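Taken in sequence, the protein lines are chains A and B.
My numbering applies: residue 1 is where the first sequence begins, and numbers increase by one.
My numbering applies: residue 1001 is where the second sequence begins, and numbers increase by one.
No wet-lab data here; the hints were simulated from the structure.
Be a bit skeptical, because a hint or two may be false.
Examples of chain A residues toward chain B, derived with CB under 7 Å [unchecked claim]:
| id | residue |
| --- | --- |
| 1 | Gln113 |
| 2 | Gly116 |
| 3 | Ser118 |
| 4 | Ser148 |
| 5 | Ala245 |
| 6 | Arg264 |
| 7 | Gly331 |
| 8 | Ser332 |
Calculated Cβ distances over 12 Å to all of chain B for the following chain A residues [claimed, not checked]:
| id | residue |
| --- | --- |
| 9 | Lys111 |
| 10 | Pro184 |
| 11 | Ala305 |
| 12 | Asn345 |
| 13 | Lys414 |
| 14 | Arg453 |
It should be emphasised that the depicted structure is a prediction, and the values quoted were computed from it without experimental measurement.
Quick reminder that beta carbons are idealized off the backbone N, C-alpha and C, glycines included.
So you can see what is in the structure, the chains are spelled out below.
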Amino acid sequence: MTPSQHTKCTGYRRFVSRRDFLHTMGGGLGSVALTDLLHAEGQSTNESGPHHKPTAKRVLLLFMSAGVSHVDTFDYKPELAKFSGQSITGKGNVQDVFFRKPGKLMPSPFKFQQYGESGKWSSELFPHVNRKMDDLAFVHSMVAEANSHGPAMHDFMTGEPRNGFPSVGAWSVYGLGSETQDLPGFVVMMDRGMPPSSTSNWGNGFLPARFQGTVFRSSGDPILDLEPPAGYRSESQRASFELLAKLNEEHLRTHPQDGELSARIAAYELAARMQLSAPEVADLAKESAATHQLYGTGRSDPQQATFSRLCLRARRLLERGVRFVTVFSGGSNNKQPSNWDAHSNIETNHRPNAMMVDQPIAALLADLKSRGMLDDTLVIWTGEFGRTPTSEGTKGRDHNISGFTLWMSGGGVKPGMAYGATDEIGFQAVDNPVQIADLHATILHTLGLNHERLTYYYNGLQRRLTGVAGNVIREVLA
Amino acid sequence: MKHLTVRSILKYRGGPCVRLEMRVGTGPEAFLLGEESLSLMNRIFPINTFPVAAWVAIACLSLILLPPVFAADGIHETYFRAKVEPILVRRCLECHGADRKGGLDLRTKAAAFQGGESGAAIEATKPDESLLFQYVDSEEMPPKKPLSAAEIAVLKRWISDGAFYPEKPLDLFAATSDHRAGHDWWSLQPVKTVVPPAVRNSATVRTEIDRFVVARLQQNGLGFSSPADRRTLIRRVSLDLTGLPPTYEQQQEFINDPRDDAYERLVDRLLASPHYGERWGRHWLDVVRFAESNGFERDRIRENFWPYRDYVIRSFNADKPYDQFVREQLAGDALKAENADELIATGFLVAGPKNDVATVSELERLQTRQDELDEFVTATSTTFLGLTSGCARCHDHKFDPIDMRDYYALTAVFSGLDRGVNSVASAKDKAARVAVVAPIQKQIGATKADIGLLLQQARKRLLASSPKHKPNSLRPAVSATSNEDEFEATQARFVRFTVTVTLGNSQPCLDELEIYGENAKRNLALSKTGAKATASSLLPGYPIHQVHHLNDGQHGNSHSWISNESGKGWAQIELPAVAKVQRVVWGRDRNGKYNDRLPVGYRIEVSLDGDKWLKVTDSGNRIAPGEKTHMTSGELIAALTASEKKQHASLIQSQSQLAARLKAIPPLPVSYSARDGQPQPAYVLTRGNVRDRGEQVKPAAFHTIKALDPLLVGVQGDTGPNRRLRLAEWIVDAKNPLTARVFVNRIWHYHFGQGIVNTPNDFGFNGDRPSHPKLLDWLAADFMEHGWKIKRLHRMIVLSAAYRQQSAFNPKAASQDGANRLLWRMSPRRLDAESLRDAVLQVSGKLDLTMEGPSFRLFRYRDGNVPDYILLDEPGPETWRRSVYRFNIRTFQSPLMSAFDCPNASVQTPKRNFSTTALQALSLMNNRFTFQQSQYFAARVTAEAGEDPSKQANVAYRLALLREPTKSQRRQAVSFIENHGLFSLCRVLLNTNEFLYAF
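With the sequences and hints as input, model every part of the structure.
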C-alpha cells in the first residue's frame, strides 16, 4: 500500500458562505417550515436543485458489516483451487498490508457457476440475487485504506478512517435535502444491533445535526422517542403539542420576525406529523401476502425474518421520499459470529449470513423494479473490505483491503457489467483500482451532485466528502 | 536596448481610491510601478483628506527620488519584481518550488537555468528556445488555467532581457496572493496598539469595547438596540457565565436591587461562582477534543482521564493566567513545580483519539505513529495559534505560509511523546499516604509471618506423612506447553538439549528451543538471526516435523521436531557468535493440543567449540509428573492441631481487617496524561510517505511568525518536555501575534455566539476575516498587558453596552446585516445540549451540584476485544450532575445530547452547530429523561403550591420561565392541568422557546 494521506487532506477552495449551497430540508423537515428554517440557518433558497441532472433520486446502501469475502461470492478465482495450500508469496503483488500473517492460499468451499445473459460467475451463496445478475454492475477492484473494522467502516462511510466526520448519507441530504415532509431524510436500519463503530457510521460530523442518520429500530417505536413512554394518553400528547404551539406563538409576538423561533415552532409541528408517518411506514400489515412471501418476512428463522422486514421497510421508506437508506447486515464484533467477520470459518460464517440477506435483497430489487423505482434508486451492496484468498487458521479468511467487490444496481448504473479486476488469486486490485473516494464521487454524481462542489467549511478547509481525491467511475454508469 | 519611457498617470477608480501608476515601457508589456510607495503614502496621508494636487507633486518627486531604479540591473530587478515575480510566485512556484514537479525548481537562477527532467528551462535572451516559455506559450502550463497573453508577453520579454533573477531564492510565501496567504497576512502581523475610535453621539457607549462596535455600526447607519431589561439580562448573563439559568429568587433580587452597580455585582458574583469554571471549562474541552475513550476500532474506555477535565475547571475558576494555562498543558511535565495539576494538564496533548489496534505490518505501525504525531501537531497549532497545519504534511501548505519543514520541525517537538496513566501525586501527598499506609502494611507483614510459621509446621508434618508431597525446593514437573531452565550465565556458541527419558519411551518432540542471555526478551536461537539447529536424528516423512522447526519462531505440533530414537535424542542450536546464555525455554506443543512424546528426563549442555561440553542444568531437581510441591491451604490447615487452628483463624481475621483498612485509604491520584521518552530524529517525509525520509529537521516552531525565532533547540538537555516547554514559551511570547488574538476571539465568540473572526480555529487564508480588526487587536493587547487574565476579559465584555442590548429583531438592520456581525442586537441563542440538560435538572430540583471526580455514565460498558456501550434506559440520580461531568465516548453518542448538536469529540469543535430539527422536538418531548424530570418538576410544584391548579400554574411558570403566567395563560394552564395533569404542563414548559433560548 502506498500511503496516500493526500487523499485525506481536503479542500482547495476559498471560504464561501453557506449561503452558496442549497439546503433544502434534512431531518425530515417539510416545505411548510422551509422558509423559516432556512432563514434560521442563515441559508437561502436562491440556488436550488442539484449540480447536474441526476440519474438517481435516492440511495439504498446494503452493508455487510465486517467484511464479506469477494472470492467466495462474486469474484470467482478458479486459480485458488490450483494453488490450494501454497504460499501467497510470488503470486500477485503482495505487500506489507497484512493485519496478521497470511496463511496458505485456500480455494472457496462454495460452488460457482455462470448466471444471466452476461454469464457472470457467482457462487451458490446468493441463489436469489444470482437470478438478478443482469441487473447488477460489479466493481471487482475496490481498494480500502484501513485494515481494521472501525477505521475501515469510518473510511467507507465518511471518507476518513477517524471517526467524527460526516457520512455519505449526511452529505447527500445536506446536498439535496429530503423529498419527504414527514420522515427523516437519512434513515439507518440494522438487523443485529450496532455495527462496528456504532453511531459514527451515520454521524453528521461537522455538518449540522439535522443531517445525521436516524435509526429506524427493528422493534418497538421505529424512531427513538417517537412516542411518549407507554401509558401516556395520546389525547394528552396531542393537547401538549397544541398548548406548546400556542405558548410559542404568543412568545413569538414579543420577538416578531425572528426566523429561528418560528422555525422551532415548525419543527414541533413536523415532529407531531412524524408521530403518524413513522409508524405508518414501519407497519407492514398493509403489504400483500405476495409481497411478504417475496421478501420472506415469514421465514421461521427470526434473524432471517428480521432482515426481510428491514428490506421491505427500506422500500416503503424510499417510496415515501427518504433520500438515503442504509441497511446493516451484522452487528458488533463482540458476539461472534454476529456479522461477516469470518476469521475462523468462511463456510459456517458466510452461509447463514448469505441465507439471511439473499432472498430479501433479491426481493427488494424485484419490488423496486416492478414499481418503476429501480430506475431512479441507486442500490449498493458491499462491506467495508474483502477477505484474503489465504486461510486464517484452517478455514477462515482474514481482512483484505487490497481488492474486494461490490455491486450496484438501478439509478443510472449500467446493468450486467463488471468493472475492474483483482489478480489471479483475488488478492490485489490490478485492473482499474477504485478507491472509496471514487465510489463516493459516483454516488454523489448519480444524485446530481458534483463531489468537488459539494463542500462545507470546517476547521480551515472547505471540506469535501472526497477530500482532494475522487473520480466518478463513469464506466459503470449508463 | 529597450526603449524606456516613464509616465505618471493619475487616475480615479470609483470613489475615494486613488492610484498612482508609473508606466515603464510601452505596449502590452509596459509595467506599473508605485503600488508600494503608494501604500506608504496612504499610511502617511489618509487618502480622502489628501488633495489631488499633492499627488501630482509626489509623483514628480518620486521620479527624482528613484534614480537608482533605472540603472541597468536595477531596471531588470524592478521589472522582475513588478511583473515577473508575481507570475512565478503565484502561478509556478506552487509546483515548481519546493515540490520540484518534473524536477523543476524555479526559485533560484541556478536551478531554473539547470531545468528539470525535460532539460534546461531557460535559455537567457532566447525565449523561443526556452522550455519555460514554450510551455506557457503553448498553454500547456500552468495546467487548467493558462497564463494570459499579457503575462506570457511579460515572461518573453524577461527572458529576452537575460532572465534576471535576484540573489535570494524566490519565496512562495513572500506575499499574499489571490490563492494563498503570505507572510504579510493580517493575522501574522504584530498586534497593533489601537486607540478606541471616537464616536458621534456616545450616549450608548458604556465601555471602550463599545466605541469600536458603535463606530462600525454608525458607518452603516446603524446603532445599538435598546438595553435589555433586567429580567432578560440576568438569565442571559447567568447562562452565559455559569451555564445555569438563575432561580426565580435570584432574578427577583436582581430586578429589585436599587444599587447603581447591581449588574456589576451580579457579574462579579457569577464570575466568582464555581459554576463559572464548569461552563467555560466545557467550552475549552470542546476545543481540545476531550473525550474519555480511545476512538478508532476499539474505542476502549479511559477510566482515568477525568482529572484533566477537573484541572480545566479549576484553572478557569482560579482565573489562571492564560499563558500559564498554555505552558501547563503543553509542558506541565517540564515545569519543576510540586503540583499535580501541572502533570494532569498534559492531558491536553493526549486528549485526542488513539489507534491501539496492533498489526504485524510495520508500514501500518509507522503510519499510525505518524498519524499520532499529526494529531499532536494539529491540536497544538489550531488550539493555540488558530493555524491549520495538516496540509503541510504532504506538501507546502496550499493556503498559509507553512512549509513542510515547519510541519516536520514541529513533529520533532513531539517525537518522543507517548501517553499513559501516570501518578500525579505530589511528594507531600505521597509521603502523607506512606505515613498512613506503612504501619498497616507492617502489621499485615507481621500477621502474614505468623500465619506462615503456623503453616510451616503443617507442611513439615505433611512432608513426613505423605509420599506424593515433595519439598518445594524442587522444581515443578515438566509441562507439555512450556518449561524454563535457568542457570548461571555462561559463554557459549553451542547449546545442546539432550533427552534421556520420555513419556512412554516414545521418540521425543520439541516445538521450539529458545535461548536467552542478558536481554530477557531476545531469543538468541532464532534462525532468522543466524542461529542454526541440528539434531541427533529426525523422524522421517513428516513435513510438519523438521529440525529447522526447532528455531523458526513458530509454535505447535505442526512446527516441531521429533527424533527418530525411542526415548532419547538431542537437539542443538549453534549461535551465530559466542554469547552469554543463562536461560533455555522449551516446549513440546505450546498450543496445548499434544502432551505425548514429552521429554521428562533431560540435560542441557553448552560448548564454545562444539567439542568440549559443560552441563549447566538437568531435570534432576524436577519432581515427577503426578507429584506435587504445592500444598493447598485446605491441606495445610487440616494438618494443624486444634489450638493452632484457632490461632490461625484469629490471625486470618485480623489480616482481613487490616486489608480492609488499607483498602479504605484512597489511592494516590493518577491521570491519563503525557509520557515523554527519548525524542526521535524527525525528517521531512516526501509527500508525507513514512518510508520516504528527506532531510532531518531540528525541533522548531513555525517560521510563519517573523517576529520570533522558531528554533527550539535548548541548552539544558534536549528532552521532550523541554522541547515542549520552549514551544509553549514561543507560543505565549508577547511578540506572537496569534496566541492572544485567537484566545480573546474564542472568548468573544462564546459570549456573542459568533467571533470577531468567525472561524475560531482558523486565522489563516481559508478562515474568516475579522469583523472588527481593531477591536480584536485592542482586546488582545489589553489581555496581554493585564497578565492574560481571563475573568477580567469576561467582565469587560459582559459589562459592555454591546452585550447588554436587547435581542428584538430589527428588519432594517437585518436587511443590511442579517447575520448580525455588526452587533446591532444580541442574537437570541438556543441553549447548547449541556446547558439545556442542566437547566431541566435545575428546574426539576434534581440537579446534583457535586463537582469533580469520575464522570457519570449514561451507558453500560461491556468490555471485550471491541467493547460495547449500551444506552441506559432509565438513568438514575448518579447521572443528575451537570453535563460537563458526563462520560463522553467517541463512538457512542447519547441521542438526546447529539440531537442538540453536542459534538462527537473525535475532532476539535471550535464552534458548535445550533440546528433546529423535528428530532430535537421528539427527543425533548418524549425522551425518558424529559419524562422523568417533568415528573420531578411536577412533584416539586405540588410540594410548593399544593393541589390548587392556579397556584400550581404560578409556581411552574416561575420555576421554568422565571415569571408569573399572564391571566389568560393561567386560565389556559388551569384547564390544561385539570384535563391532562400537572406533569403535562411541566413538560410543555420545558419545551417552550422561552425556556430553550437565551434572549
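Each hint, compared with the structure:
1. Gln113: Status violated, d = 35 Å.
2. Gly116: Hint on glycine 116 of chain A: violated, closest Cβ of chain B at ~38 Å, above 7 Å.
3. Ser118: This hint is violated: serine 118 of chain A lies away from chain B, its Cβ roughly 37 Å from the closest one there, beyond 7 Å.
4. Ser148: Nearest chain B Cβ about 4 Å off; hint holds.
5. Ala245: Since the shortest Cβ distance to chain B is 10 Å, the answer is violated.
6. Arg264: holds, 5 Å
7. Gly331: Nearest chain B Cβ about 10 Å off; hint violated.
8. Ser332: Given a least distance of 6 Å, the restraint on serine 332 of chain A holds.
9. Lys111: holds, 29 Å
10. Pro184: violated, 7 Å
11. Ala305: About 24 Å separates alanine 305 of chain A from the closest Cβ of chain B, which puts it past 12 Å; holds.
12. Asn345: Consistent with the label, asparagine 345 of chain A stays out of reach of chain B, its closest Cβ about 18 Å off (over 12 Å).
13. Lys414: holds, 29 Å
14. Arg453: Consistent with the label, arginine 453 of chain A stays out of reach of chain B, its closest Cβ about 16 Å off (over 12 Å).
Hint check: violations occur at hints 1, 2, 3, 5, 7, 10; the rest are consistent with the structure.
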